[in-house]
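**Student:** This is what each chain is made of:
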Amino acid sequence: MGTIIKDYSYTPAKIKRGYSGKSLYINLSDLRIEQKEITEFMKEKFTGGKGFDLWYLWHAVTPETRWDSPENEIVMSVGPLGGITQYAGTGKTLLCSISPLTDIPIDSNVGGYFGPLLKFSGWDAFELQGKSEKEILIFIDGNNGRIQIEEAEEYPEDTHLLAEELTKKYAENEDDMVNVSVVCSGSGAKHSYMGMLNFSFYDPRRKVCRFKQAARGGLGTILHDKKVKALVVKYRGVKPNLNDAADISTINKVGVKYHKEVHDLDHKQNKMRQIGTANTIMIMSQYDLLPTRNFQTGGDPEAVKISPEVFINEWLTQGLHDGCWYGCTMSCAKCADHFLITTGPYAGQRVTVDGPEYECAAGLGANLGVFDPQAILEENFYCDTYGIDLISFATCTAFIMECYQRGQITREQMGGLDLRFGNSQAVLELMHQISRGEGFGRIAGLGIRKLKKIFVEEFGADPKLLQDIGMEVKGLEYSEYAHKESLAQQGGFAMATKGPQHDEAWLIFMDMVNKQIPTFEDKANALYYFPMFRTWFGLVGLCKLPWNDLVPADNYKTDSPAKVPEHVQNYVDIFNAVTGKHIDKEELILQSERVYQFQRVFSVRMGKGERKDDYPPYRSLGPVSREEYLSRQELYDKQLRELQKLDPETMDLDEKIAATRRYREDQYEQLMDAVYRRRGWTENGIPTPERLKAIGMDLPELLEVIEPKL
Amino acid sequence: MKVLTHKQELCTGCLECELACSRAYFKTDDRNYSAIRIIENNKTYHANMCTQCGECINMCTANAIYRDRNGVVRIDKKKCVGCLGCVGFCTELVMFYADDLEVPFKCIACDICSKACPEGALEILVSRVKEN
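Protein chains in written order, with the working numbering: chain A, 653 to 1362; chain B, 76 to 207.
Simulated from the structure, these hints should not be mistaken for laboratory data.
Note that beta-carbon positions come from the ideal geometry of N, C-alpha and C, so glycine has one too.
Treat the hints with care, as some may be off.
Among chain B residues calculated to face chain A with C-beta under 10 Å, some are [claimed, not checked]:
1. 135
2. 136
3. 153
4. 154
5. 161
6. 165
7. 178
Residues from chain A that keep clear of chain B, each with C-beta distances beyond 12 Å, as calculated [as the list claims (entries may be wrong)]:
8. 659
9. 722
10. 962
11. 1060
12. 1120
13. 1168
14. 1280
15. 1330
Using the sequences provided together with the hints, build the complete structure.
**Tutor:** Quick look at the structure:
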């Protein structure tokens, strides 16, 4: 279709023990294509995946670089275990860039076939730098060692159309379509800072492209700014040992054991194969964890309308494989087939909707006051095809709705949109406006941090209230868990390096329900171990879900059930079996910590990795409003009596809210102190030279960043 | 539907069936390469082999398992990526694999073992039962 403006040939590197040893660099400004060596130093210090991404990004940018600077890169890497087929969740790609929402490195992980096929095409990592003059697409042919850059103005913008067209274009026939994977965004990424990237995989049973999302932090916005419409990879010939594993026997054995566990236990545990991550909606509502109406409350009697049973029985196709990479028997990527769209440019068409995942049902559902499964699925479809991160969109729109509810902004200021909680038609119209870059949609996708400034400066809103209810830290919107009663999770969100996403730590049950980490030190230990452990998935190319969304039948008998020791050992065994190395579970944490501390220092370098940047909005910690206090008055009054020795009977409501706030903010300060100590940081949140030395990361460029801050 | 059946009362546990199977498909006497496995329990012999139930068809992560014209469940070797999901998911434990093979293997009701059985304990049945 478009003119080919660059044609580059290469000899695909052979993978040895999980690494191809090569990375691909493309500069869009001058269409330069280069190969780089993956050094032993990189493997030793950064392992792969997010580690490689951050290392390349560090060298690409300066402290002055912003998301739209030409030198900003999108870097992606799948990690040494990525692409093995025998275990569940082994196709994850990690992406990093300087985010338009946070101005610091964002990392986002995603399934779909692109990452593994890229590696099998010879590339452990892929850097995309510069900006193209014209809209282009990049095609990587891994079988023939060819990279083509093609003009792409004429292709459709929205993901479900673009990916289908490109998959058909590059596949030789129907059977070949599974060998093509597309990365693209959509029209919504043009007019928002929360544009995301869809990664496709072709579903041969449904005969449609399916999608997983690298959603967080505006990666789609950056891709669009670089004028890249799509990345396409094609590799035919996926086989079980393309990674050249040192010990295929162990991988097979551990894999079969895990598949059998899924078969025997999933229907008794989380039902991931039936409903995916949305299995927890009712549990979250029952435990006051389902964010409702901008995190004001943690559940709603109406939540039953969006319960897992409703989605299973009425919307989601059952009984077909739904994994986003080969071998994933957890099969959680559910979808609604033949779904009829009722609004916007695709009204009247029937489509396949990937989801809803938990974050979607909670965010676009309860958090917007929408308890209508059909509306949630339509919102889900449009966020995906427009290339909008539904977590940021949901949390940001919930904030807008509460500002409207509390009279901080008016309907007129929203261009006439009646964004009341529960009005899904207005939510959908807002999405369409973002897609078109019209009306309120021109600013609504800029994220909470920028909206707070606009609402205060231009609409006269109350800055203190907006600070309290705007659920963002570092500029990134919270993911969808209410957590006022879990101090550890408050820290897990607000002290997360990239911003408040729960992939670093999800400690709510350990902390609030099972009371396993009562002291500050216990919580700090958990906020050391779990972020380090979970970081590892992103270094090696794995998905977190198979770790603890299914546990062995006897897991409860182990000394640390929350860690799922048998599955941790599986990962150690698989890592060693692929790479031929001999790590143990302690070395695994060390691999993670090297990258974790590196990322913190990187954030410091970009101007946002200190104590001041780790504070949550008060809505995260406790009740901001009278209604919130009254919704759980019994609990809060009890806490005043027991924790503060105050008599709530003698206090008026505002005094009780103020006393609760003083106590909770002080608790959070104490938690920060404990966590910073445990992580080897100064009181100001800066990793110390001693800690960096202890983990072998006292690199001169890191010390240069932290020394002025000590 | 074609399916291999086993008459326990006739089986002497001679394992000729296993040998016939592993030799025919993998040119080896190693029973780990046989798609039928005879298990002894108290001098009686149970045969483990695919019942052609087809539960593995829809769960296959590569869409590589299908039922052929004779109702036999088959693996398309070109499509299979060796994930071994079907091995873990087979309730009868009759989807087999070996570390030097790229795809798992199973009984395809080919009749080789029944012809090799000296006691007539194995038989291919052809039925018209509903297929999934």
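**Student:** Just pull the numbers of the violated hints for me, sorted ascending.
**Tutor:** none
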